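Engineer: Top line first, the protein sequences correspond to chains H and P. If you want my numbering, it's the 1-based position in the first sequence plus 5. If you want my numbering, it's the 1-based position in the second sequence plus 14.
What the hints contain is simulated information worked out from the structure, not anything from laboratory work. Remember, it's a predicted structure, so these values are computed and weren't measured experimentally. Fair warning: there could be bad hints in the mix.
With a straight-line Cα cutoff of 35 Å, these simulated DSBU-like cross-link-like pairs (lysine-lysine) come out [said to hold, decoys possible]:
no., chain 1, residue 1, chain 2, residue 2
1, P, Lys-17, H, Lys-289
2, H, Lys-292, P, Lys-17
3, H, Lys-34, P, Lys-86
4, H, Lys-189, H, Lys-322
5, P, Lys-17, H, Lys-34
6, H, Lys-68, P, Lys-17
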Amino acid sequence: MNFVANFSDLKVVGTRPVRPDGIDKVTGKAMFGADLSMAGTLTGKVLRSPHAHARIVSIDASKALALPGVKAVVTAAGDFPEISSEEAAAGESPVNFRHMAHNVLARDKVLYEGHAVAAVAATTSAIADAAMALIDVTYEVLPFVIDVEAAMADGAPILHDDLVPSGMAAPGKPTNIAKRVEFKLGDAEAGLAEADVVVEGRYETTAVHQGYIEPHAVIASVNPDGQTQIFASSQGQFMIRQYVSKILNMDIANIRVTPAEIGGGFGGKTLVYLEPLAVALSRKAGKPVKMVMTRDEVFRSSGPTSGGVMTVKIGAKKDGTITGATIDIALQAGAFPGSPVAPACMCAFACYDLKNVRASGYDVVSNRSKIAAYRAPGAPISSFGVESAMDELATKLGMDALELRQKNAAKAGTKAAYGPVFPEIGFEQVLDAAKSHPHWSAPLGPNQGRGVATGFWFNIGGDSSASVFVNEDGTISVVSGSPDIGGSRASMAMMAAEVLGVPYEKVRPIVGDTAQIGITGMTGGSRVTFATGMATVQAAEKVVDELKKRAAMIWDISPEAVDWKDGEAVPAGANAGGFDPMPLAAIAAKAGKTGGPIGSEVSINAQGAGAGFGAHICDVEVDQETGHVKILRYTAVQDVGKAIHPSYVEGQIQGGAVQGIGWALNEEYLYDKNGRMDNSGFLDYRVPVASDLPMIEAVLVEVPNKRHPFGVRGVGEVPIIPPLAAVANAIKAATGVRMHSLPMSPPKIVAAIESGKG
Amino acid sequence: MSKIHVTTTVNGEPAEFLCEVQDSLLDVLRDQLHLTGSKEGCGSGDCGACSITLDGRLVCSCLVLGVEAEGKTIGTIEGLANGDELHPLQRKFLEHAALQCGFCTPGLLVATKALLDANPNPTETEARYWLAGNLCRCTGYDKIIRAVMDAAAEMRGEHA
Ligand code: FES
Ligand code: FES
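Work out the full structure: start from the sequences and follow the hints.
Structural biologist: Below, the structure is given as structure tokens:
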């Protein structure tokens, strides 16, 4: 379908209907990962390392296996094949299956506290607990390293003896640096030398967790012939199928994964943790095995995203034109390579039209749990440094912070440092909307300050499948392969209804399991409404073509002489004949006589995702004595392309902004002196609560992405990027103190105010 | 050790179960009574996903023992709608798109119902503080608070 240029013709897209899965979710009927049980199900649990770094000398499970009720124990050495290093593209960053397997179950060494060592299946939860206590693991404890700079230093404890860094000269000795990346355009150093004003700063962020409220959960059942059923909460049923097949060396066709409802993921459910263990246990025990993480396990052993350190330099002429900019960043990968250092560098300056820019970074392993994707992986981290520095630059130049950004804004034709030339993008429109929003000029009181910051995310397309079926009565069934985390069933149904010209309520969407629909990439990268939406639209169009053919057959005219309008076949013109419109339901009723059931499945690799930009304005009040920061007002402006269901688009923006506010103010991983996480619960790892916040105003700017039939751009990731610096810049305005390190918790703010610097 | 027999009322219906002394009421509701609408997000009283009412009082069912329900009246998300008629709060949550993943939703609805039972006319600030024990990671709370305020107004008869 070509791009729909005239949005005023749209009848369903752009409205706000109730989501089709809504009633299940407000009545408690929706089945999440932990809600299913099967007859005879065993409880599976994971024995985890108490050490940050240790060699596994031996594992003796004989006492555990002798306990009545214990049905299986699995270990890496005994039950998992050793697999070679193999990388595969997955969502936004590549995965290495060997590393993934070693993360699921430690083989020779444990690399972080909470690293899985063995798994147990027993008839009750209490017996599984008792069995874990009876497994004898002998460790040789090794020195550990937690912080990124310490891990890069000479003489640091080495996690992987065989790690060979990419993107740099071989260091000639073991290292914790997995990779160096660099993106550049022009000559950044020469550009900085031309500047009238230069700002430079060092910024630091800590690891933060995705914090989905639903812990990881799975139930797996393996038959003696190898056929395996998995019911799990994740961001991709096909991802689970592929990863389990790789890790356990199974035929993909033997694995059927049914997506449970997912209680939040934000990138953290794009990996497997429990699934291979549950399958291995079920295979051994001959019974279904259910495993659910505790919150403590979620914090210690899954996620989070990287913390990092960076130095940012930006130089500009007196009129605000940026002449050169650099960022040097090092990110924690956790125990295995794979921090989002590449996207952190790629996004760092992508908001600006720069001739001379360089972004370089290191991916560094240390004895922390392996990081997982988190909403716009890497971008919020580099943006914290860059957008804080932009604020410093505006101050030094005596310029309005938004004007400085307008002066340098990326637009159609801008070449980004990471390669592409932007097609039509909406950043200038976003900045204009922010500037003219009443929030930007509203008065402030004492101890109050206002900050602004911007953000960029690529958004992605990729593999998606959808099918559209016409039922006997003319109602429509839609199946897609994308787990619905926040309203995607609704948007699929809306797009199909729009194309078919039928009411939204006549279209019922489901999320298919891996045997019901073609391969579909994960729900992530802000890709579902774009890519799976495109597959749905194409499938609906094929159905329309078929409906027109059937009407032509009934009327005995040529299919080209039939048009489709508002859910009815109509003669294309006076020459076609004087037939009354034939509604979809009438064609459906005759389908058996005109060639059989009508339906279509489409599998595509969607290209042409539209980049997203946002600008957030934040007002804070800082209590100078306690250092407490109150968010008074928050406005998030974003180019969304076209909002299919504006309420869920606003919801993405509001939710992303609040996660960013939590990252800015409260959230952090704390480690004790033994390298063990110190705050693995929601009491001590404090995510934002309702009373911390005002309303979050989402302002939707719509500059359509013409590569999608309805103009969609991804929206889910951009909103988590600007808040870190927007809050920091507001705190600077309120207190005069620049905070260089996250989180900006009360004790740090008090200390900064007292010493006069952040 | 032998199990303990407990007699209660759940969502207006008599209910009995057998449990170990250490079983939480949340586990009993989910695993024995198959009322899986109440969720476990933390098991330590910090997220509110397991919110229920016990003799009308809002509690985290993960912090209550199954045996403590003896002779008490339990209210869960499964009892909020009146047959096939949604409670105004459920309707307003849907109309306002106050849920994304929906995992926090049962707990938030039960907690909000308890709020409006205690205070039919809360200010926005009162609603925010009452619900501060119910974590939602998806929505940023904006649409939840709007749904709560709108439902409260409707229940007070302020909508035409
Ligand atoms: S599960 Fe009870 S408060 Fe979180
Ligand atoms: S809607 Fe996902 S946690 Fe609230």
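Engineer: All hints are to be evaluated individually against the structure, with a verdict given for each.
Structural biologist: How the hints compare with the structure:
1. P/Lys-17 - H/Lys-289: Within the cut-off at roughly 30 Å; holds.
2. H/Lys-292 - P/Lys-17: holds, 25 Å
3. H/Lys-34 - P/Lys-86: holds, 24 Å
4. H/Lys-189 - H/Lys-322: holds, 20 Å
5. P/Lys-17 - H/Lys-34: Satisfied, since the Cα-Cα distance of roughly 29 Å is no more than 35 Å.
6. H/Lys-68 - P/Lys-17: With a Cα-Cα distance of about 27 Å, the restraint between H/Lys-68 and P/Lys-17 holds, given a limit of 35 Å.
Hint check: no violations occur; every hint is consistent with the structure.
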